[in-house]
Each structure stands twice: as structure tokens, then as C-alpha cells.
Amino acid sequence: MTDSALHIPAETARAPRARFWHDLSFWGLLPSRLLMGFALILPIFIIAAVSVATRGAYGGFTWDFNLAGYSQILFNEGWTGELEFTPQYLMIIGRTFLLAGATTLICLLFAVPVAYFISRQPPGRKAALVYLVTLPFWVSMILRVYAWMIILGKDGTLPKLLETLGLPAGMSFMFNDGATLTAMVYTAMPLMVLPVFASIEKLDGTLIEASHDLYGDRWVTLRRVILPLTAPGLTAGAILVFVPSLGAVLEPTLMGGGKQMMMGSLIQLQFGGGRNWPFGAAIAMALMALVMVFLIFTALRAARREATP
Amino acid sequence: MPRSPSSSSYLYAPLAVIVVYSFNANRVAGVWTGFSLKWYGSALNNAALMNALKTSLTVAAIATVVSTLVALSAALAIIRGKDLRFRKLSETVVNLPLLPEIVLAVATLLLFSLLDIQNGMLRLVIAHSAFCTPFAFLPIRARLQGMSLDFEEASADLYADRWTTFRRVTLPLIFPGVFSGAMLAFLISMDDFITSNLLSTGGSTTLPVYIFSLIRAGTSPELNAIATLLILASLVLATVALLVAARAPAKMQNHNHRTIIKERNIK
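Residue numbers (this note's numbering), protein chains in the order written: chain A, 1 to 309; chain B, 1 to 267.
So here's chain B without its partners, still in its complex pose:
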């Protein structure tokens, strides 16, 4: 049996190499000449990098909001809607037919060029919202499926209208799912290279596309510093997301458990 530390080191060693080289004073990445933080300084003063970061954050923020809302309403309709024709089909469509991203990317490029949509930001926002939706959908659907109808029925019995029920009962209960869905959508959008590379125009370079151009120009210690900062940011974000996801079911179980105990006591 393989020891788990060996598999972890396989997964982490390549990332660690980037981090170590980012502190190298030498221009040549592989030759260590001393510790230095200067590449972090030049990375943070790099205007093109900051622009790419801004573009990525803007696109990811809009795509996250759009895809989460679309996924939320789709999940509500599929799980809570009654007598839904094409339920299976609708679910498949939201789940994104399992296609390689490059196919969807060139297909979207063709669509935009036929419609003559030249605005890079608009192209990115539409495409990202579409491919992020399935990722937002899955955790929301899972959470909604695990939620008992009793709560909503109780609310309806107490003369709450639909909107109030949704806002005060359904949404708070499925919030962990909505949060992890949004988080996933955000990370998927920030990470995307294939689609963004084809759709972005001069003024709308995203971070991965900018990093790709840096890699193409040859490895540089500044790139290692940029990469290290991004690795750090993703690990922190991932930890937050996973903690929320891990805590959510436990809380729910606790709640159910308590409800059951209370009911027993009443009896």
C-alpha cells in the first residue's frame, strides 16, 4: 500500500517548486543564488497583471451572480416544481452535456462572430455565466433535495406568501448549497483558460490568458511570484469553501436530530 505522505508529496511538490523559486534572487529560475522578495515587488507593480486581475475578478463576479441565480431558479423548478414535463431533459441541459471545453469555446466564438459581438467583456461574461451554471447548480440541487418540504408547508400554513417563504425559510436552509455553488462558479470562472483565450479581445485579457502569454515569453521569477500569490489565494479560498461545505451537513443533521428528540419528548 502506498503511504499517503508520498501521494501528497506528488500532489504538492510541483506547487512547492514554484513557491521556492519565487524567492530566488537569480533571474534563471533553476539556479539558486539567494533569497529575495524583489520579484513580489515587481509583480505587484506590474500594471498589465493588475489589469488582467481586474478583468478576471469582474468577469468572475458577474458570472458568479448570474450563474448562481440561474442555477437557483432552475433547481427550485426541478426539485420543487410540480408535474414537470421534460424534467430529465431540463436537468441534462443544466448539467451541461459532458463535452470538452474546447468544443464549446470555439462554438461560442462562432456564435459571437456571427452576431458580430465584438465586446470582449460581454463575450466573456455570457460564456462564463453559461459554463459556470452547472457547477453552481449541483450543490444547490443537492441541498434542496435534502431539505424537507415540511418547513415550506408550515410557512404556507402560516399564511406566508411565496416570496416570504423563499426569503425567510427556503433560502436560509439551502444557503450552504448556494454558497458552495457560487464559490465553485467563481473559481471555475477565475481558472478558465480555454474559453477566455479564444473570446478575449485586446482590452479584456483575463489572468490565466495573461499568465499564458508570460509563460510563452519564457519562464521568469516574476511569473513565479505571481503564481505563488495565486496558489496562496486559491488554497485559502478552497479551504473556506470546503469548511463551509463540510460544516453544513453536520449542522443539518444536528437540527434533524434535535427535531426528532423534541418530537419524541412531546409524544
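Bound conformation, chain A alone:
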């Protein structure tokens, strides 16, 4: 690794380095600790505190302990003060989970063959294709969602196209979960393709040949050889797509319309107009819990995989 180790004994090589970088640890990390502590960690504590605060009469909140934010997820308080079960927010949580899961799955199903195809190309072409796949990711997220609005919308490309094919005019594909899912898959795709590509490229082709030699058919080879060996890349891609998808705001707001909300757009709504901050904070805590459960689950699976090779 270090060529100098060949000529210089290790101790003399290490001594000036130790002196040289002394106390860099503290001063070097100070700015990031201040910035991240102030703008990242402190706010997380605040949001936890606000989720159990009392809603103010005109938006905002007061520091009185109150679990109404959490109970509102499940119950609706009637005029007389009794609590009745309302599934509407549970349905939003369920939709969030389903749409984020579907996004991850579709991206995975798309990314694996594309990544496999790219990995089999000659080096120059490979680099060009990776570049082409990455490029749309640099275009602003809101524009990538907007593109689907003008394709699926009332005067959009797809309805006009269907009209010329003789189908009824004025069809709209907007404001439903399918539209939200379409935009989510589109915006998340490059995040999936890259890690999947990185792991498939590292895959040793001789192992696939060996599997064929041992009479493993395509399906067995995929399930017993390719998937286990590329699992870290697939997991990384799944995390990169699933976690931001859980917090999606733009797609459900623009594509789903007012009624097809997800947790992200619900939180945004509670804070946007100063509607109900403790409730918004409680939903945000629920979202964080969901993310944590998923991350812990994938970490445990990865650890188990490493334990039993």
C-alpha cells in the first residue's frame, strides 16, 4: 500500500505524521459538529417535544404536555369530546408504505436487467451508458415530476395520443395513486440503477458459467447465484429508493391531488398553513419510526447474511 514502508521503518514513518496531525481531530470536526448539531440534531429533539405539545388556538403551539397529536392519528374528537376511531390517517400511512414499497419493487425489477445489460458492454460503451442513466438525475426533481403532469394531464400528451387513436377525448390519468407511483418510480430510478450496477459489475461471470455447468437453469442461477452475490447492492438501492419515497412530498401533492395524500404531503399540509403543528410533528415522528424500523430490519438481515455465507 505505502511504498515508503519498503525503505523506512514503520516507527519513523509514523512519528512525524502523529505530530503533524495532532489536535486536528478536534478543530477539524468542530464546524461540522456545530452546524449539524444546530441544524440537524437539535431540530429532531424539538420536533419530538412539539409532537407532545398542545396545539395553539390560531396555529402554533404551547408547551403543555398533550398526546392529542398522536391520538389524532387514530381517533377523531367529536364535538362532545368523545373519541371515535377514524381510519383516514391510517389509510394515508398504509398508502405511503404501499406506494414506497411498490416504487422500490418496480425500480428493482427495472434496474436489475438494465444494470446487467450495461455491465456486459465493452468499457467505452459501458461508461457512456452509465452516464446516460445518471444524467436525468441531475435535472431538478420538480421538473421531472412536472414532465409527467404534462404527459398524463387533461391536455397532456397521452390523452391527446389516445384521442387520435379514436379513444374518447378528455381522458385524464392524473390525481390518483397510479399517477403518483409513475412519478415516484421515474424520479427514483437513477438512485436504484447505480448501486445495482456497481454490484452486478463486480459479479464474477465464471460463477454464472459454473452454475450452468452444474445444470442450474436460468431461474436457479438468478436465485441461488446472482441474487445472493449482488444482495448488498440491491439492498443499498432499496434503501436509497425506499426511504426518500416514504417522505415523498412533490409526487403526491402534484400527481395525487388533494385527496391522495402520503405522509410527507400530510406533514407539509399541517405545517404549511400553520394548521396543526403537534399533529404534524406526531406524523413526522411516526414517519421517522417507520424509517428506523426499516433500516434496523435491513441491517439485521445484512448481519445475518454475513454470519451465514
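Think of the hints as simulated: they come from the structure by calculation, not from any bench. All of these numbers come straight from a predicted model, not from anything done at the bench.
Under the rule of at most 25 Å between Cα atoms (straight-line distance), these lysine-lysine pairs were calculated in the DSS-like manner:
{"no.": "1", "chain 1": "B", "residue 1": "38", "chain 2": "B", "residue 2": "54"}
{"no.": "2", "chain 1": "A", "residue 1": "160", "chain 2": "B", "residue 2": "38"}
{"no.": "3", "chain 1": "A", "residue 1": "126", "chain 2": "A", "residue 2": "202"}
{"no.": "4", "chain 1": "A", "residue 1": "154", "chain 2": "B", "residue 2": "38"}
{"no.": "5", "chain 1": "A", "residue 1": "154", "chain 2": "A", "residue 2": "259"}
Dock chain B against the given chain A, drawing on the hints supplied.
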């Protein structure tokens, strides 16, 4: 096996649709009535758009400088610092706990409202600097990790002080990483909608927030022209960034290769 052109067209067709419609003379986007550049004219003469662009550029520029400096010093401390307690923890913090952006956005909004920070620009600059830091950090750390300690030790042996070593040896060698880190931070800041939408105030509307308000008002050909110009700008910037990133390791390998050959010759 899917052909790669089909997957590329899936990725590019939606963007192409915007570009095509931006040249449509008709007010209704979906009805083509002829080629026209008039929407570009009205986009460029739109004062609100130019203000939003100015706000976005200002915030992104400051956030890029701040986050790159913070990330650089953190990377130096984590990779080069000796005997670092909490190394793992510090790295996790800089790497940003993987949380949905909306959670951090409302959390920051609460912080600013508790501290009564009403200045929209100040809010945006602080928040953007924070969430851009991890993106600046990753390429810098990767580059620093790939750099041999020999260079810095040689410099120290030649009685260069720390600052000189950093300025004349370390920084030039890790510059491609610093550049791609800064580039990423800039693009992430320019792209941000979720946080900016919650934190911006009347006078500090960023570009994505302004575009969102245009979309909300209904699609218009002027919006398509604005979008086309932005798509073009991001593709150019991305190409530059990716070219720099792609060239950097090759250069480094070349250098190592040459060093090794030279050493062999000496022996």
C-alpha cells in the same frame, strides 16, 4: 434482455416532451399550432423568475462554500486525525442520518420559529448548508482516503508547516474530490424544494418554489420554456461534473503508475 435504447428513452422522453412543448406557439400545451420562440422571450423578461433565480443562486453559492469547507475540515479530521474518539459517530453525523427530507424540513422550521429567526435568506442558507454537507463530504472523504500519506510526510520532512503542506500538497491532490463535492452541494441546493418551500418567506422564493407556484397556477408554455432552460443548464453542469469526476481517478492512477515505474528504474 431489454435493449438499452428503450430504457434511455424511458428516462429521456418525459424531459423531451417539455422541450418540444416549449416551442409550441399555442397557449394550450398539448395542442401543437406551430413553432415559436416567444415563450422564451417572456420567460427571460419575467421579473419574478429572475428574482427567484437570484435567490436560488445566492443561497446555493453560500451553502456550497459553507458546506464544502465544513465537509473538507471534517474529512481531514476523520481520515487524517489521529486517535479519534467517536470517529464512527462523527462520520455518521456528517453522513446525515438517513431521514426523509420532510422530517428535517419541518424540524428546522420549528427551530427557526422558536428562535424567532424570520429572515428567509438566513433560514435558507443555514438549512441548505446543513443538508448539503453530507453530499460534499462523501467525494472529499473518498479522495482523501485514496491519497497516500507519503506526500504529506515528504512535505513535513522538508520543513513545510501544516498550512503550506495543506495548501501546496494535500489540497491540489484532493481537489477533484473537493470540486465534485462542491458541485454536488450546489446542485442539491439548487434542486431543493421541500425545505425551501417551508422555510422561504415572501422575499426569498427559490426557483423550485417559484416553479411550484407556476405549476399550481396551471401548466403554461412559459413554464415549459423556463423548464427547458433549466434542463439544459443542469445537463451541461452534470456533464462537466461527471467529466471531472471521471478524469480524476485516471490521472491519479497514471501518476501512481509513473511513480512505480520510476522507482523500479531507480532500483
